[in-house]
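> Listed here are the chains, written in short residue letters.
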Amino acid sequence: MIERLLVSGGVILAVAAPVAQEAAPGALSPRNASYTIAARLDPARRTIDGTERIAWRNITASATGELQFHLYWNAWRDTRSSWMRERLLAGGRDLADRPPQDRASMDISSIAVNGTTLPFTYIAPGDGNTDDRTVIRVALPAAVPPGGAADIRVTWRAHVPRTYARTGAIADYFFLAQWFPKLGVLQDTGWNCHQFHAATEFFSDFGTYDVSLTVPDGWIVGATGREQSRKANGDGTATHRYRQDDVHDFAWTTSPDYVEFRQTFRHATLPAVEMRLLLQPEHKGQEQRHFDATIAALRYYGEWYGAYPYGHVTVIDPAWQSGAGGMEYPTLFTAGSRWMAPRGVASPEGVTVHEAGHQFWYGIVANNEFEHAWLDEGFNTFSTARAIEQAFTPNYLAERYFGGFVPWVFRDIAISRATDGNRLGGYRSAARMDAQITPTFRYWPPTAGAITYNKTATWLHTLERLLGWDTLQTIMTTYFQRWAFRHPTPEDFFAVANEVSGRDLTWFFDEAVRGSHVFDYGIQLLRSEHDRERDRHDTVVAVRRYGEAIFPVDVLVTFEDGSTARERWDGRDRWTMYRYTRAAKAKQAVVDPDRVLLLDLNYTNNSRTLVPRAGEASRKWMLTWVAWAQDLLMTYGFFV
Amino acid sequence: MTEAGGQRLEARFGILSCWRDGARRVTGAPSIVFGVWALSLLLALPLGVVLRGLIRDSLGSSLAADAAAEGVNYDWWNEFLQATGGIGTTFVPSIIGFAAPLRNLSDVMDNVPLAATLTSVVVAWLVVWALIAGGVFDRYARARTTHTPAFFAACGVFFFRFLRLGAIAAFAYWLLFRFVHGWLFVSVYPRWTRDLPVERDAFFIRLGLYLVFAALLALVNIVIDYAKVRAVVEDRRSMIGAIAAGARFVARHPRAAVGLYVLNTLVFVAVLVAYRLAAPGAEWRGPGMWVAFAIAQAYIVARVWAKLVFAASQIALFQSRLAHAGYAALPEQRALEPPIVEALGPAPAPPPRV
Ligand SMILES: [Zn+2]
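Note that the protein sequences, when read in sequence, are chains S and W. Sequential numbering of the first sequence, starting at 933, is according to the working numbering. Sequential numbering of the second sequence, starting at 3, is according to the working numbering.
I should point out that these hints are in silico values taken from the structure, not numbers from a laboratory. One or more of the hints may lead you astray.
Below, computed lysine to any residue pairings styled on SDA-like, alpha-carbon distance capped at 25 Å [stated by the list, open to error]:
{"#": "1", "chain 1": "S", "residue 1": "Lys1517", "chain 2": "W", "residue 2": "Ser63"}
{"#": "2", "chain 1": "S", "residue 1": "Lys1519", "chain 2": "W", "residue 2": "Val74"}
{"#": "3", "chain 1": "S", "residue 1": "Lys1216", "chain 2": "S", "residue 2": "Thr1087"}
{"#": "4", "chain 1": "S", "residue 1": "Lys1519", "chain 2": "W", "residue 2": "Pro289"}
{"#": "5", "chain 1": "S", "residue 1": "Lys1216", "chain 2": "W", "residue 2": "Thr195"}
Extracted from the complex, chain S is given alone in its bound form (with noise of 0.2 Å):
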């Protein structure tokens, strides 16, 4: 009964909300898709009853007639969606094997389009799974024009999930993202509404969001977007109303159990950002880790890239078990921490960068993840770990045993931001798996994020070394002010790179992003040998291209008398030879000195010395792993 009433509360709270017909003047972006929601929270039956007013227009150049809307949710009702089959792809039947009442469904009881109630169908435009239900098609008794608005209502119920994908609940903790039934994105090619698939994101047009949730009474809500208004409804349950512009998104969180904290990030050339955390209670004492964190990407972001918008953002630490860690939402992102977070790791600062990132590459620039989402996360993950590297070095290497709980520091291991930061060890399996042009939801599951997040981080870090960072983040800012609040695609970008850097960069993005070459040089041969004739040293040094890619190179041989030769080769043969003859013997040569191509899939045979020290370090590192080996016995010295 208060659930009925409840929902038809909503909806008259939805009738009377003004509709967005046009984008406002000062609108940062077109906001042709605006929301106006009401939802109840029932966290017993962990239902969502919900009303939605969609103030949409057409702002292609094309008529249609159909809308189409994703129902994300429906991924997770059976093992038959997409999303699930690719997760089974991937490894691991644990999400697929969950009870009924742990999955997640989305059912819409009407949508009616500028007053009138109309059917809808199932589709599944990328792979043709009759039995996936997380895109729906409707039918417009008139087409909408190039110009044209619908006004469209929906209303649904939803069961929340334990946590699938960042979104669900445990205990009275829920995160709800992708909550709700969500336009697709129209354009000049037709509806861009793909399914739900596992290794991408999402993609939607950016508009004004203004949210009424309805939780328990005292139960605290974070959101996108400010906070407008909080009424006790008397009967136990509280409504938080929250709005935004110019997003293209809405999630939130709630649960009785969080510390709230706030703070503001001030900077001399960026706007103020109100900084709201809310913290689990075992992590507190950890609040700094999170605003430096955050500043750190506001700050880092804001000079690299252009500034923050919003004037506010939520960080919002999961419960643990939560699943809900690590993701990011439109003025609001997920972090993480752990209850033993031992200093000089970058953890949690390393999510909340990366989170907080994404309020740019995503949030703001909103490319299309289904389709190229490492535009947005591999991007981010570039940005992240330079962040990082400024903000929070020394970053050591941790790992946890007893359970996972119990952490380790490694201080004689420094994260680098070139291989672990941008993390080419994950690109190295993975390399050959996909071309990283393939549409993302294409990608082969398992190896789906290795190209995504590290490849793009790689070679971006490549492309900096290669330009320089200042041609690089003037590309990065050009970019980003140009595609801020539009949804660029991969062309945009190397159009941009081609035009700021002055350089033809195509044969990089080719073997780069749309093949699926790997890069490797390597010395083969490096020999100097003494001319009692001439009393002269005669240096050969040969260098391979052992991989399919090419990439110039810079070659350096040192020689004994401190004296060098530095050799620039196209890459382009399977090898090359240098010749000298010198006074002194040669040292030790190394192919990409400099180490400008991170791409370089094995960097151990890039350099060759004529006095090599692999004695000495593998001596040294047997006697470490003897004394661990003569450890481990004495610990299963125990049973005897």
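Start from chain S and add chain W with the ligand according to the hints.
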């Protein structure tokens, strides 16, 4: 002071003096400590040499070796790990310094399977223990110098007995790891923590389960320990009888047996803490690598010593309660004597059993 209090006090002093007695016995026979240490080194070394070859091949004549020799070359290390197999896969950061014992203890408590390439070495180590344990226990039971032939004679006498005992113990441990560990950590722990949103609470639940499991391991361990003690001190042939006798002893002297066990465990923890403070990192280079190795070996020696004191103090406790110090039923085996000595008459009869 009540009578019970008095007994407790006596038991406590008894424990301390037994421990001191055990420590004296172990320290009085340093060759055993160093022998066991050398065995651990000898068993670990061959695979270490194999690993060294893998590392050397991977580094080749590359400059990557310089960084690997001077500290940690983590970039190269990652490349190596992605290309290697076999024993190479055990070459992970957790081998450095104090992470090593932390990880090894953690792996045992979490029942992480041993790397296949290490199984033969660990099994060899356990068999070698069964082989030498008779001599070691005999030496500590007598609390006086026994000559090498006598040591090995005792080893020979008890080898098959200890193999049988080891098989029974292994079965008990297997049951614990296979069923109890599985039940505690694969069934109970996930069930109790499934809907838990607080990591700290989950950690304490896990800690509690570790304690339960460790207590069960200790229970089996203590019974097997005293079974070995009784087997040697009383020259028992039946290992089932020895286990029953060991259990009886623990049951009749629970405070002393458990107290001594806890004390020895604390000594082991103290050794760990000392290593936590002294453990070498990866920064040792050149000749310094040998200093780092020496520190690590000193720790292994300390672990060996602590393990042997564990046994020797249990022998001392047993002898202080049921036998007398230095008593062992088995006649001491001596080197073959010249016939003329034999002609002088038989050795004196052993003292009667009590
Ligand atoms: Zn991301």
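> Now tell me, hint by hint, if it's right for this structure.
Results for each hint:
{"no.": "1", "hint": "S:Lys1517 with W:Ser63", "verdict": "holds, 16 Å"}
{"no.": "2", "hint": "S:Lys1519 with W:Val74", "verdict": "holds, 23 Å"}
{"no.": "3", "hint": "S:Lys1216 with S:Thr1087", "verdict": "violated, 40 Å"}
{"no.": "4", "hint": "S:Lys1519 with W:Pro289", "verdict": "holds, 23 Å"}
{"no.": "5", "hint": "S:Lys1216 with W:Thr195", "verdict": "holds, 21 Å"}
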